[in-house]
Structure formats: C-alpha cells, structure tokens
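In order, the protein sequences belong to chains A and B.
Just so it is clear: in the first sequence, position 104 is 103 by numbering that gives the first Met the number 0, and no numbers are missing.
Just so it is clear: in the second sequence, position 185 is 184 by numbering that gives the first Met the number 0, and no numbers are missing.
Because the hints were derived from the structure by calculation, they are not lab data.
One should not assume that every hint holds.
A partial selection of chain B residues facing chain A, derived with a Cβ cut-off under 7 Å [claimed, not checked]:
1) SER185
2) ALA189
3) ALA272
Built from N, CA and C at the ideal position, the CB exists for glycine as well.
The chain contents come next:
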Amino acid sequence: MGDAVFAGFARASGGFVLLLLGGIIVSLFIGGLAAFRQFGAAFVVSPLWNPVTQKFGGLVPIYGTLVTSVLALLLAVPLAFGIAFYLTELAPAWLRRPVGTAIELLAAVPSIIYGMWGFFVIVPIMAGTVQPAVIGAFDGIPVLQDLFAGPPFGTGILTAAFILAVMIIPFIAATMRDVFLTVPAVYKESAYGVGCTTWEVMRSIVLPYTRVSVVGGIMLGLGRALGETMAVTFVIGNANRITSSLFGAGNTIASLVALEFPESPAGSLKLASLLALGFILFVISFIVLAISRILLRPRLKG
Amino acid sequence: MKRIAAAFAATLAGYVAFGAAAQAQQITGAGSTFAAPIYGKWAEAGSSATGIKLNYQAIGSGAGINQINNRTVDFGASDMPVPADQLAAHKLMQFPTVIGGVDVIVNLPGMKPNELKLTGAVLADIYLGKIAKWNDPAIEKLNPGVKLPSLAIATVHRADGSGTTFVFTDYLGMVSPEWKSSVGSSTSVAWPGGAGGKGSDGVTATVQQIPGGIGYVESAYAEQNKLATVQLENKDGKFVSPTMETFSAAASNADWSKVQNFAINLNNQPGAASWPIVSATFVLLPTDPKDMKQSGAVKKFFDWGFTHGNDIAKQMLYVPLPDSVHQAIRTAWQKDVPGTM
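Only chain A is shown next, with the shape it has when bound in the complex (with noise of 0.2 Å):
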C-alpha cells in the first residue's frame, strides 16, 4: 500500500514538471502569437523597437544576448579552466577545500549583488580608465578603431559582458573540478610515470579524457549567461540598437522584457511582442541546455 502510494506520488511529481515546462512554452507561445502574427519571421531579424509607431522587432535584444553571453564565454572559459586545473592539479591539499568553498559562493551571490557592484565599482573604472585608453590606443587602427569607439559611457556590451563573465566562472569552474577528478589516478600516474610535466599530463590525458564533459559544463555556464537579467540591465546601457563598438550600449532579451513589461497593456502587442521574446529565449536556453545535458551525460552517469 505504501509502496503504490509513494510511487503515484513520484510519478506524479515527475509528470508536473513536465506538464509544468510544457505549460509555460505553450503560453509564452500563445501570448506572443498576436506578434508573430503581425510581423512574421521578419520578427526575428528586424532591429526596430518603436512602441510610438508599434512596430516591434527582435533582432537587438536577441543580438545582445547572443554577442554577451559568448563575450563572457570568452572570458571566462580561460579563467574558469586555470581555477580548475589549479585545484585538481597544483594547489596544496590544504587549500583546495578553503578555495572550493568560495568558489562554490561565489556562483551564490544573488545576480542583483553582482548588477550594482557592476554599476557603482565597474562602469566609473570603464568609464573612466579602461574606455578612454583603450579608443585612444585604437584610434586610427582599421577594424579595431570600430570594434572599440565611441563615447565612454562605462556601460555596454564589453561591460556586460564582463560581469556576465565574473558571474558564470563559479559554475563552469566547479563543474570542470568535478569532472577533472574523474579522471583515473591510474591513467595520470601513467603519464607522469613516463616522464611528462603537469601541463603536458592535462593536455594530453586529463583534457582527451574530459572534453565533453568540460564543453558541457560550459554550455551550463551559457545557460545562466542567456537569462541573467538583473546585472545585465545594470550594466548594458539599455538601448535598442546594434552598434559595431564593444563600447557602445545594447540591450537583452531578458533585460528588454524586465524593463517594458510593467508599461505594456493587457493585449497590446508590444505585450504580445515581449512574451514572443521571452518564447524566443525560452527555446535558445533550451537548445543550449539540451547540448549541454547530452554533452554532459557520458561523464555523469559514472
């Protein structure tokens, strides 16, 4: 008896997420249909954001997830491998707990800590340090004088980017700790049996052994970049448009919808268009995710 009763109760659980995860795509789908409706495809791929003339677009907002959450990936990956490698590798075993346990903080600080550390500590110093110097070091180079121009506001993509980065580093590190441990003793016992250095037992045997499992965890940090709301709108100098310059403001999905969504009617379709934004961001973490979970899967299981 109490065993058929716990396993309806469990079945039952298990369903609810899914009826859950099902539920919110289907009406995210459907508040956002009067937008896909109205501008089609052209949605995705149109810049424009005019609530005056109602003509609403995605391409800004899905640009700027995109461009900062592969900027972060970009910086942090690096960061987040040497983190791991340190403490599986070289660090002394008295230190590995103590510099685990604030990693493993570190991914817990709320992301709105991380938006006004961004906006009162970060943007002054972009603003009034790193900004300046660097257009000044580029002006006059062909690409990168476009890469980084324009007035230096302190916030933008670069600025975004960089938090999104600090943010997301905890979690890529942690995972890719964990799976460098997996790794046998015997294999790299082997390795450093027959004479290679640390760098060279990572690289050929510890990374070989971990790949896909270290492209998951990455794609896990991803994950979190694409929804951060909070830091971002802090720190992304909120405008819709695309600008060439890592300096110049922008905008993301998340942060579009956190913004507009207490000014929009019921049944406008600038609602409409922000629910088709959040679909949009619901299926791109998904896909993201997805990756991730059947990257992830060899290494796990173990």
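Fit chain B to the known structure of chain A by using the hints.
Chain B in isolation, oriented as in the chain A frame:
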C-alpha cells in the same frame, strides 16, 4: 530612495494601525510609482478622520490600468491620462490628484545648479544627436559668459517604460517638429542615441558617472538628491528654474475647462513663470462599481486628500491642484461615480 523609504514607512505604519482599528474599511489601489508616496502619506495622515485604510501597490502605470480594467482593485493610478475611448470601453472615470515637474539634470564640471540655460528646441536637438558637444554654438549662444567645455554630450534616458518618459518626450514633440515626426512620445520610445538607466536612480547615477552627461528625472527626485538642474525657456520666451512656484504657475495657467475627462496636458503652458515640463498624475475609478461602499470610500479618501492633504503634498514636493479643479472633480464624482462618501 527616500520616496521608497517613505512609502515603506507609510505601509508599515498602516499595518501597525490596523490592529487598533480592525473595523476600518480597506480600499485597494495599484499603479503609478510616482504617486505612491503621497497616497501612502495621505492614507496614514487621514486614517483617523476617514476610518479608511489604503492598500496600494506601486506596480507601474500600465499595470495599474490593467488591474482596474480587470476590477481587481478599487482604483487604478496612472501617470498618463487614459484616452476617452478606453475610459468608455472599460467604464472608467478619470481625475488628476497632484502635479509634478520633470527636471533636466546635467553633469558639467564646475557648473552650478540652474546656471546653464537651454531651450526646448536645443534640448530636442541634443537628444536627437544633432548637437553633440557642450561647446556647440547653439548652446554657447544661450549662455553668454558661461564657460562650456569641449565635452561630448552623453544623453541618458529611462530604460524602463515610464510616465516620466512620456511627459518628457511629449514636451520635446511640442517644441521640435523633427522630434515629433521621427521619435514621437510614449512611455518608452526608440531613442536616437545615448544610454538608458533603470528608474530615476539609474538615470541619475549614469549622469553623475559621465562628465558631459544629461538626463531627466522627476523634480522631487532631483530636489531630494541635490542634482544640478538647468533652466529652460518656456512658451513665453522666459528662462525659468524648476521650482514649486514655476510648476504651480504652469498648473494654474492651464485651461482646465476645455479638456474632457481632466486629461489635461500641462506641458509648455503659457505664462511668464511657467515651467515647461509638468504633468499631473491620475486616478481611475469604475463608473459601475460592484460594491458601492468601496466606491464611496475611495472618493472619501481622495476628498480628504484634496481638502486636508495639500500641505502634506507640498512637503513631499508635489504640487497640489488648483482649488477650482478640486471642485470640478467633486462635481464629476457626483455625476459619474455611484456610492456615497
């Protein structure tokens, strides 16, 4: 921040008082964040006289309109007047409660508050990106004797949908045909350039971090935070500073008799002393209330505010409505909103 603290204190005081007067009537409202502190204060100060407790959620004007359309609250509050056809469609009556100004703030090294003078047209050109440097001849011409730096102008706007943005862009549309045709006015618009800050705090902090920054915030916010405001040229061609007096002048020089549903636009009013960017904040009441007692209590609450709350409003840097408007609102209540006060 002070306003939020005040609203919080008012709410807290409301809870404490609740135990003492458990039979007090509770009314619910939702919407405008701009008006939340004054409604909270009115509720606190007037509760002993009216026996009414207010439960107000500052969720934004758009959301407030949604809530009153769905009748989930007793009244909605919006910083933007609702168009007549929508009032009719949702069976709503609309009236203003208090007035506030919008200030232009700048960050220019060595510039004193209200030292810099701008016209509406120049302000629009700055936000359009046509005037990009502070020592542009157009600005220098307005400010003889003032030393203007060769700094890039960094325009800052509200990133979140906001009634303040509506008032500001509406004003720019009045003084610049190009703004009207290429950008327009709304709670959020497609800004030609610049950066966005979240809320008045975000705009202020962004302006303060960038030398050469310019932004716009509600006057009470600028006052409390001692921000460097600028003088603007009004419709009569006079340069005025943003003060309670110039806001009041704009409100009393407006012709309230001609507008329907009190949907008055206070921007760019005539009068030598009128500040050009001023707006009222509005309340929406159902004309077909489910519960007459609730409807009457809401009217009683705002009636108390109009009669006894003007000094409170001034202390909190809102401008009370002219008495004639208060009277017109009471007459309109009588006619359109059932329920005895």
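A quick look at each hint next to the structure:
no.: 1; hint: SER185; verdict: 5 Å, holds
no.: 2; hint: ALA189; verdict: 4 Å, holds
no.: 3; hint: ALA272; verdict: 32 Å, violated
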